[in-house]
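Colleague: Going line by line, the protein sequences match chains A and B.
Numbering-wise (the working numbering), the first sequence opens with residue 1 and increments by one.
Numbering-wise (the working numbering), the second sequence opens with residue 1 and increments by one.
Think of the hints as simulated: they come from the structure by calculation, not from any bench.
Do not take every clue at face value.
Unchecked claim - List time: in silico DSS-like cross-link candidates among lysine-lysine, alpha-carbon distance up to 25 angstroms:
#1 Lys175(A) <-> Lys244(B)
#2 Lys449(B) <-> Lys43(A)
#3 Lys349(A) <-> Lys336(A)
As the list claims (entries may be wrong) - Calculated from the model, a selection of chain A residues having no Cβ within reach of chain B, i.e. all distances over 10 angstroms:
#4 Arg6
#5 Val12
#6 Ile17
#7 Leu86
#8 Asn153
#9 Ile278
#10 Thr312
#11 Asp383
#12 Arg493
Said to hold, decoys possible - One-sided and incomplete, this derived list gives chain A residues near chain B with beta-carbon spacing under 8 angstroms:
#13 Met38
#14 His149
#15 Cys183
#16 Tyr467
Ideal placement from N, C-alpha and C gives every residue a C-beta, glycine not left out.
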Amino acid sequence: MRKQYRYFLIVVLVILIAGVVIFISKNRGVSIDRYNSMNQFPKIRPDYCGTVIPPNIAPLNFLIKEKGIRYYVNIHSKQGTPIEILSRTPKISIPEASWHELLSLNHGQELYVDIFVEAENKSWNKFQTVSNKIANEEIDAFLVYRKIHPSHNTWSFMGLYQRDLQNFKETPVLKNDRYQYGCAHCHTFCNNSSDKISISTRSRDYKSSLLIVEGDKIYKIVKKFGFTAWHPSGRLLALTINYPPLVLHANRNEMRDIVDIDSWIGLYYIDSEEIKTIPQLSRKDWLENYPTWSPDGRYLYFCNAKMLWTDTKTVPPEHYQESKYSLYRISYDIEKDKWGEIEAILLSKETGLSMNQPRVSPDGRWLTFSMCDYSCWPSYHPDSDLYILDLKKTEETRKPVYRKMEINSDECESWHTWSSNSRWIVFSSKKENPLFNRTYITYVDENGKLYKAFVVPHEDPTFYDSYLMTYTIPELVTEPVKNTEEKLARVIRDVENVPVDMAITGATPKKENRE
Amino acid sequence: MDIFKKIQSKEFESASRSFLFFILFYLYLWLFVDIHLIYHGGGEIRYFPVFYKDWFFFKEFLSYPGGLVEYLSTFISQFFYFSWAGALIITLQAWVIYAFVNSFVKIVNAPQLRWLRFVPPIFFLILYSKYTFYFITTMTLTVALCFIWLYIKFNFRKESLRLITFFILSTVLYALVGGAYIIFALLCGMYELLSRRQWQTSLIFLLSALIIPYFEGVLIYRFSSVDAFTILTPIFWKFQIYNKTDGVLFVYGLYLFLPLLTFALIIWRMLGVRLNLPKFISKVSEISFMKNKKIRWIIDTGFLFLVAAAAVCFSFDSKRKALFSVDYYAFNRMWPQVLEAATDNPNHPLVIAAVNRALYHLGQFGNTSFTLRHNPSTLLLVGEHHAQLYWYQSDIFLDLGYVNGAEHDVAEALEYYGERPQLLQRMAIINMIKGNIGTARIYLGALSKILFYSGWANMYLNRIESDPTLSEDRQIQYLRSLMIDREHLLEYPTINAILLELLNKNRYNRMAFEYLMTCYIVTKDLDSFAKNIDRFKDFQYPSIPRLFEEAILIISSSPSGKNLMQGKELVISGKSLQRYNSFLNFLSAFKKDKNKALREIPDDLRDSYFFYYTFFGNINPDKEK
Numbered sequence: 001m002r003k004q005y006r007y008f009l010i011v012v013l014v015i016l017i018a019g020v021v022i023f024i025s026k027n028r029g030v031s032i033d034r035y036n037s038m039n040q041f042p043k044i045r046p047d048y049c050g051t052v053i054p055p056n057i058a059p060l061n062f063l064i065k066e067k068g069i070r071y072y073v074n075i076h077s078k079q080g081t082p083i084e085i086l087s088r089t090p091k092i093s094i095p096e097a098s099w100h101e102l103l104s105l106n107h108g109q110e111l112y113v114d115i116f117v118e119a120e121n122k123s124w125n126k127f128q129t130v131s132n133k134i135a136n137e138e139i140d141a142f143l144v145y146r147k148i149h150p151s152h153n154t155w156s157f158m159g160l161y162q163r164d165l166q167n168f169k170e171t172p173v174l175k176n177d178r179y180q181y182g183c184a185h186c187h188t189f190c191n192n193s194s195d196k197i198s199i200s201t202r203s204r205d206y207k208s209s210l211l212i213v214e215g216d217k218i219y220k221i222v223k224k225f226g227f228t229a230w231h232p233s234g235r236l237l238a239l240t241i242n243y244p245p246l247v248l249h250a251n252r253n254e255m256r257d258i259v260d261i262d263s264w265i266g267l268y269y270i271d272s273e274e275i276k277t278i279p280q281l282s283r284k285d286w287l288e289n290y291p292t293w294s295p296d297g298r299y300l301y302f303c304n305a306k307m308l309w310t311d312t313k314t315v316p317p318e319h320y321q322e323s324k325y326s327l328y329r330i331s332y333d334i335e336k337d338k339w340g341e342i343e344a345i346l347l348s349k350e351t352g353l354s355m356n357q358p359r360v361s362p363d364g365r366w367l368t369f370s371m372c373d374y375s376c377w378p379s380y381h382p383d384s385d386l387y388i389l390d391l392k393k394t395e396e397t398r399k400p401v402y403r404k405m406e407i408n409s410d411e412c413e414s415w416h417t418w419s420s421n422s423r424w425i426v427f428s429s430k431k432e433n434p435l436f437n438r439t440y441i442t443y444v445d446e447n448g449k450l451y452k453a454f455v456v457p458h459e460d461p462t463f464y465d466s467y468l469m470t471y472t473i474p475e476l477v478t479e480p481v482k483n484t485e486e487k488l489a490r491v492i493r494d495v496e497n498v499p500v501d502m503a504i505t506g507a508t509p510k511k512e513n514r515e
Numbered sequence: 001m002d003i004f005k006k007i008q009s010k011e012f013e014s015a016s017r018s019f020l021f022f023i024l025f026y027l028y029l030w031l032f033v034d035i036h037l038i039y040h041g042g043g044e045i046r047y048f049p050v051f052y053k054d055w056f057f058f059k060e061f062l063s064y065p066g067g068l069v070e071y072l073s074t075f076i077s078q079f080f081y082f083s084w085a086g087a088l089i090i091t092l093q094a095w096v097i098y099a100f101v102n103s104f105v106k107i108v109n110a111p112q113l114r115w116l117r118f119v120p121p122i123f124f125l126i127l128y129s130k131y132t133f134y135f136i137t138t139m140t141l142t143v144a145l146c147f148i149w150l151y152i153k154f155n156f157r158k159e160s161l162r163l164i165t166f167f168i169l170s171t172v173l174y175a176l177v178g179g180a181y182i183i184f185a186l187l188c189g190m191y192e193l194l195s196r197r198q199w200q201t202s203l204i205f206l207l208s209a210l211i212i213p214y215f216e217g218v219l220i221y222r223f224s225s226v227d228a229f230t231i232l233t234p235i236f237w238k239f240q241i242y243n244k245t246d247g248v249l250f251v252y253g254l255y256l257f258l259p260l261l262t263f264a265l266i267i268w269r270m271l272g273v274r275l276n277l278p279k280f281i282s283k284v285s286e287i288s289f290m291k292n293k294k295i296r297w298i299i300d301t302g303f304l305f306l307v308a309a310a311a312v313c314f315s316f317d318s319k320r321k322a323l324f325s326v327d328y329y330a331f332n333r334m335w336p337q338v339l340e341a342a343t344d345n346p347n348h349p350l351v352i353a354a355v356n357r358a359l360y361h362l363g364q365f366g367n368t369s370f371t372l373r374h375n376p377s378t379l380l381l382v383g384e385h386h387a388q389l390y391w392y393q394s395d396i397f398l399d400l401g402y403v404n405g406a407e408h409d410v411a412e413a414l415e416y417y418g419e420r421p422q423l424l425q426r427m428a429i430i431n432m433i434k435g436n437i438g439t440a441r442i443y444l445g446a447l448s449k450i451l452f453y454s455g456w457a458n459m460y461l462n463r464i465e466s467d468p469t470l471s472e473d474r475q476i477q478y479l480r481s482l483m484i485d486r487e488h489l490l491e492y493p494t495i496n497a498i499l500l501e502l503l504n505k506n507r508y509n510r511m512a513f514e515y516l517m518t519c520y521i522v523t524k525d526l527d528s529f530a531k532n533i534d535r536f537k538d539f540q541y542p543s544i545p546r547l548f549e550e551a552i553l554i555i556s557s558s559p560s561g562k563n564l565m566q567g568k569e570l571v572i573s574g575k576s577l578q579r580y581n582s583f584l585n586f587l588s589a590f591k592k593d594k595n596k597a598l599r600e601i602p603d604d605l606r607d608s609y610f611f612y613y614t615f616f617g618n619i620n621p622d623k624e625k
């Protein structure tokens, strides 16, 4: 045989042998014949025990907080091949394909996780089996949120991101370095669809504006808006104009506080490109905030508090810690563009607390909201909790039927969103620490019962232990935002905008400006 | 053989000169500039990048052109933590550019211009003498120059091969360095023209300076066209925001130096002008002793060092160095060094604030010269709100136990300076004091991924694990005992109000007491001073600090003051009484001429409170605010 061929054959053989060795070692079955059964659950982080998980969720990678030299994990359910992982580190990374296969075969079944830890003396310890239930209903595949440092008056880097909940891919929707560190906040979608989006932005260089996306059409209104809510028809947007300065406490653990000194709700009509105010929603001595539509578009829910101060220049205004918002709604006929009378849903004098951030489930059955001791910014109130109100029973009994959600912790729970099938709520919680919001998912059954929440999984299970950004305003959408970051940013940077006739300030408009 | 020897000897002359130059360059940066001061930043350097040992951190850099070199630069710049390593890195970078210029002028057949190879290193000297940080943008330039060198070294004769090489290098380089790619395209284009007179190739290369950034930056990376062309160059908007120093002119100089030089060569050649050394240099070299190699070496080298020394002298910012040093020493609680470093920039309000802190920690606050700190706003730095102030103020507040004030400052500084380890450390401590262990863990977790800080972070993470309340950490426990617990807004009406609130919480807060009393005497509010005199008993002073004694003597000398002082058991030292008498005697000699008295007051009375009280106007701290 010629020399060159001989060398060639040797190289091929070496590659083949190496391949076989790798294949065998990768697929080597793990058999632990003898082990000690521990009478306790393993400590794992994040806490993925006893929850209900969506069948399309990304692998719930976790960290085993038990001392050992090797770790063996067996994930199994009623059907399908169990997933076996043998690891020298306590970080357990579950293979994505096998995970999705197992979950897709076992809708409505229990998912079991057996954890074995090999001690220094080479003996294996088996902990009690961890189980989670796989729900029948999927969660909307994409979650859009804002990431920002827990900042005070100054901000630099922040951005809106979308996370594919089926895997670990996170992509930016709009980072503020595209428009010289402006602010992006309060993004809303129409009917959990990324086809219609509104994003409020602030910028020293390009002015504050409301960015509106309708499919491929993107434009902006150069005015400073706060919260927005799409009418389900996509034909109009309810929006707030606020003056919410930051107040800092010298003694409180969460030193930040926000007081909305003056606010009102307006309407932006997409087709006619005009902003209108409604007398009922822009009363001089009331603070209207947090608009949200019922899924049939017949009611606009909102929060409302009596303005306890006449001086709107002093920050904070007097009695601001007594300001409590109540829940109201107002009927609306879009065809006739006609508004009804304001109805109280739940009053702060009944609860003693301030209500904020109402959201109606897409099936129209539930109204969720947060309550804290005062004012309108629950995210800075450790006592803020999420509540659920049964709209059907409330309608029937003419009395508010509501309760505190089971998923609350001692720390703050606030921003939340419903999935399009009304079976999942994603919300912000500071349960692990009082400063950084993390995003949690909880299952809601048809009776409105909520199950133990779990943090949105990350590829690295220790990711949240050192991540210095806080997650706010989670919004579930069924498809990803398709417009590129640069396309959105270009509109913000562009001088072109939709002219709006009326002068909008933080203050409630005077009578002559109203409809 | 002779020719070989001659070349060898010439090369040796040049190499030895360069060697000596770079040795001194290195020593200057290491020992004199003290590069670690730039790492620390002094609250002046806004854009010193943080580097996390983390895959997710790396992934962020893949999303934009230039990200890879920025990642590399971010990593390398962490070694500025050690002055010797930082100086070595900068020296190597300067040497690479020097070596490139050296070989480039030879390749384009202009060896007469070899002396220009020292220009970029001198620019580096100026940049670092000014205590500026442009490492990332100079690094992208360095990488671009390395790619030009690669292109030249490939030296393919076939035009098609040269084109292919150029476009492969271009594609890779743009992804690596972003906007600095334009320098590569320009220089390669001009090189083609100079060395091969290939107009067409040259034109294609020059055009690619527009095409490649547009194609890769705008169409692939989806950046705006302005960002695609400028990213990571000195005109990139982020650097314009972060680095507003006059040093940027020298970064422009570094970027433009070679393109301008090459362009000038092309013009000269087109005009048919022969490139000679200036006449006076030729004449000088004809002088007999200049023919002696050793003397010529000494003169040439001396001239080079003279130019470099002049550049350093004119650019060295001693005041900035003092500010950086004071901040560094104060951060590391090296109080005697703070006082020493402060002497080079004594009137800067941030330096005065650090000196006050140092004096307090050295137990000298009420004893030492008053002249440095005659402005009450420098005590707590409650002036205009700007980021640099937050950087310094947070430590004063933390020492005082005004923890939320410190937290606010650090939160603001974090937004302005980015996730700097010094700030993360402060945030971790603040949250540990407040008992927010979950939050502290996150800051410590982030710190544990930063080079040189992981030891400190892991130590605290372990401590939290074994003692979650940190009940055995005396410093944390002490600061907890000082924290305000009464409902109050952060924006206090006056400085005194903050200090009084702190004393109301813990009457043994010595720092709050000394700062409060100083505030009173600086503002000449001696009534309030007198009202708080009883608080001296709360502290174990061996004797009342001198300046406070002097204030007491002034109070006691007036009839209303005597009333205020009635019943107060205070022992005034004989020395202070003696000084007071000397001061009164001195004043009586100049009864009618206050200005003359001011001029002629003896030095030993100049730092007394008597002097300040008599000759300085009233200062209202709230007006200062």
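Colleague: Now tell me if each hint is right for this structure.
Modeller: Here's how the hints hold up against the structure:
no., hint, in the structure
1, Lys175(A) <-> Lys244(B), "23 angstroms, holds"
2, Lys449(B) <-> Lys43(A), "24 angstroms, holds"
3, Lys349(A) <-> Lys336(A), "34 angstroms, violated"
4, Arg6, "35 angstroms, holds"
5, Val12, "30 angstroms, holds"
6, Ile17, "31 angstroms, holds"
7, Leu86, "22 angstroms, holds"
8, Asn153, "6 angstroms, violated"
9, Ile278, "35 angstroms, holds"
10, Thr312, "18 angstroms, holds"
11, Asp383, "15 angstroms, holds"
12, Arg493, "7 angstroms, violated"
13, Met38, "21 angstroms, violated"
14, His149, "6 angstroms, holds"
15, Cys183, "12 angstroms, violated"
16, Tyr467, "7 angstroms, holds"
When held up to the earlier numbered hints, the structure conflicts with 3, 8, 12, 13 and 15 and fits the remainder.
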